[in-house]
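A.B. asks: Now for the letters of each chain:
There are 4 protein chains.
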Amino acid sequence: MVPEDGLIIAVIGGSEPSVEVATLAEQVGEELGRRGVTLVCGGLGGVMEAACRGAKATGGATIGVLPGSDPRAANPWVDIPICTGLSYARNVIVVKTGWSVIAVGGAYGTLSEIGHALGDDIPVIGLRTWSMSRDADGLDGSILVANDPRDAVDKAIEVAKQRRRSPAEESG
Amino acid sequence: MVPEDGLIIAVIGGSEPSVEVATLAEQVGEELGRRGVTLVCGGLGGVMEAACRGAKATGGATIGVLPGSDPRAANPWVDIPICTGLSYARNVIVVKTGWSVIAVGGAYGTLSEIGHALGDDIPVIGLRTWSMSRDADGLDGSILVANDPRDAVDKAIEVAKQRRRSPAEESG
Amino acid sequence: MVPEDGLIIAVIGGSEPSVEVATLAEQVGEELGRRGVTLVCGGLGGVMEAACRGAKATGGATIGVLPGSDPRAANPWVDIPICTGLSYARNVIVVKTGWSVIAVGGAYGTLSEIGHALGDDIPVIGLRTWSMSRDADGLDGSILVANDPRDAVDKAIEVAKQRRRSPAEESG
Amino acid sequence: MVPEDGLIIAVIGGSEPSVEVATLAEQVGEELGRRGVTLVCGGLGGVMEAACRGAKATGGATIGVLPGSDPRAANPWVDIPICTGLSYARNVIVVKTGWSVIAVGGAYGTLSEIGHALGDDIPVIGLRTWSMSRDADGLDGSILVANDPRDAVDKAIEVAKQRRRSPAEESG
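Protein sequences, first through last, are from chains Y, R, L and X.
FYI, our numbering numbers position 72 of the first sequence as 72, with every residue one higher than the one before it.
FYI, our numbering numbers position 31 of the second sequence as 31, with every residue one higher than the one before it.
FYI, our numbering numbers position 45 of the third sequence as 45, with every residue one higher than the one before it.
FYI, our numbering numbers position 61 of the fourth sequence as 61, with every residue one higher than the one before it.
Keep in mind that the hints are not guaranteed to be accurate.
Which copy is meant is left open, so a pair is good if it fits within one copy or across any two.
Said to hold, decoys possible - Below 25 Å or equal to it, Euclidean Cα-Cα: the simulated DMTMM-like pairs (lysine to aspartate or glutamate) are: (1) Lys155 x Asp5; (2) Lys161 x Asp121; (3) Lys155 x Asp70; (4) Lys56 x Glu20; (5) Lys161 x Asp70; (6) Lys155 x Asp121.
I should point out that these hints are in silico values taken from the structure, not numbers from a laboratory.
Generate the whole structure from the sequences, applying the supplied hints.
C.D. replies: Dropping the structure here:
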């Protein structure tokens, strides 16, 4: 399979997932590694660790955007620890660094990351994650729902490539 | 009415609200000003401007946490412009600065702010805003739904006072 | 004396100053309060606390931009605690929120804040603070040196007013 | 030469360097690439671009921590663009991500980064950069001065390895 040159996709999710959600996250990581896509996540445990472990198992590269200042806080499957010292505000960086985002399960931090991504026009693919709607005008949260890890990665790569072909964004 | 000493409550919502939502935001601001509560918001237009205008009409004080670096970008009803230069990452600061948060209507930025608040254990009161649920385990988003602006402010003050009576939080 | 309407000036300095530096900071705060200028600082101890105490003694208003998430971590002379959760990255917000900056003594955090201010074209007045020069081309750090607290506040107000009269900045 | 496993070193400097400073930056990049050290920088032009170009010429890997939201704003020699959307506040992340920091020439942004690094106990090696001192107590800015690019990289690797052998830092 031809690796996806330079494509980075974010995987988001909580640090204390159920076994089922952790397994899904690991399979998402495996699938990303298999396609040669670089994974970016928050660098810690739970969904983040499971996804990184999966990616390394299939030869992928992993970036961990950490809340703190010590790179050794990253889980053992992070190749490149980015130290922000920004605490949870680092979530913004995780989603912005992906050409698209896969949300797996998810706690409130994940909800916040989905909000950031959608507000930034970064496509979000959901696997067992939040669904949401707005009372006032019936708009939904515009998440693409995936059936399984492979479907999530297929969809994430497709929308990431579409976005990469679009004109450069002004905010640079 | 006795002013609520030093109580700060956040009002969040989009910059292009419907007329109905803008009216609700203005009434929330009026009600906060009437109770002597200081309002904090993102400092720009739409819901933020309507809420500040309401607060000033009833003698309240207003803080605007701006995305940019020029205080003159604040709407005219902001007393204290805080310049962050952080772009949308400033949303975290808006919700953290309130003892509680009132969400009025809302776009994706608002969704992100709700996620931050809930992840931080900051109570959120919703007026015509997002509702959300998590597929994986049926948890809801824990927003207190208000019937009208007065009810929203009543609820927001009550939970803010409860939070202020709780032990100091370790993260300082 | 006519209060300086809506003028906010930042005071920066370390959390463990010498007695002499703490006294200078308190006098800077007193002088700002006397002129009706609002003081913004990092909200914690040392120079920040001394300056806030001085400002409140002469009727001034004070804003504390905190590194953490609990407003109760502010020193007792902070009127308006802004909670950022950004750790030391909050220093950027302190200097950006002032129309000008007074540096009193100072540790490495202060050096970083001076760098941010100068990089942002925010004028810096120094009282017993860092001096610096660039090897490569002999440029200096462009800090206005003050002789005493009163002189520092005079200079800070003058440059702040100049800046406020300049055209609005594009970054908003 | 044995590559330095997983070692990341930051290179900081302005976007409009003199020809001499740009040449030094390129040589620093070449030397880092030759030793198998990953380079992290702000991802844009000037010193950042020269250092990345040098690193790629000798087979190194490069990370660019961008101020904006579009990865395509990175210079062409960045392998891994990290999008922060934080504007200049992203400087904190550049220095924190390095086990040590090499400052080449430098404008005010560089001064701010040096301040962050020193405040965070991250060792700084200087090549034609700022020198600084504190009036109040005669302390200097604790920068290790290098004679040339090779010396800068030798010193940076030595202090980075020392820091990596030290106990994990609590802030994680």
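A.B. asks: All the hints need checking, so say for each whether the structure fits it.
C.D. replies: Structure-based check of all given hints:
1. Lys155 x Asp5: within (17 Å within a copy, 35 Å between copies)
2. Lys161 x Asp121: For Lys161 and Asp121, the Cα distance is within 25 Å only inside one copy (14 Å; across copies 37 Å).
3. Lys155 x Asp70: For Lys155 and Asp70, only the inter-copy Cα distance (21 Å) is at most 25 Å; the intra-copy one is 34 Å.
4. Lys56 x Glu20: Intra 20 Å, inter 42 Å, cutoff 25 Å: intra-copy only.
5. Lys161 x Asp70: between (33 Å within a copy, 14 Å between copies)
6. Lys155 x Asp121: Answer is within; shortest intra-copy Cα gap is 16 Å, inter-copy 33 Å.
Every hint, counting from the list given before, is met by this structure.
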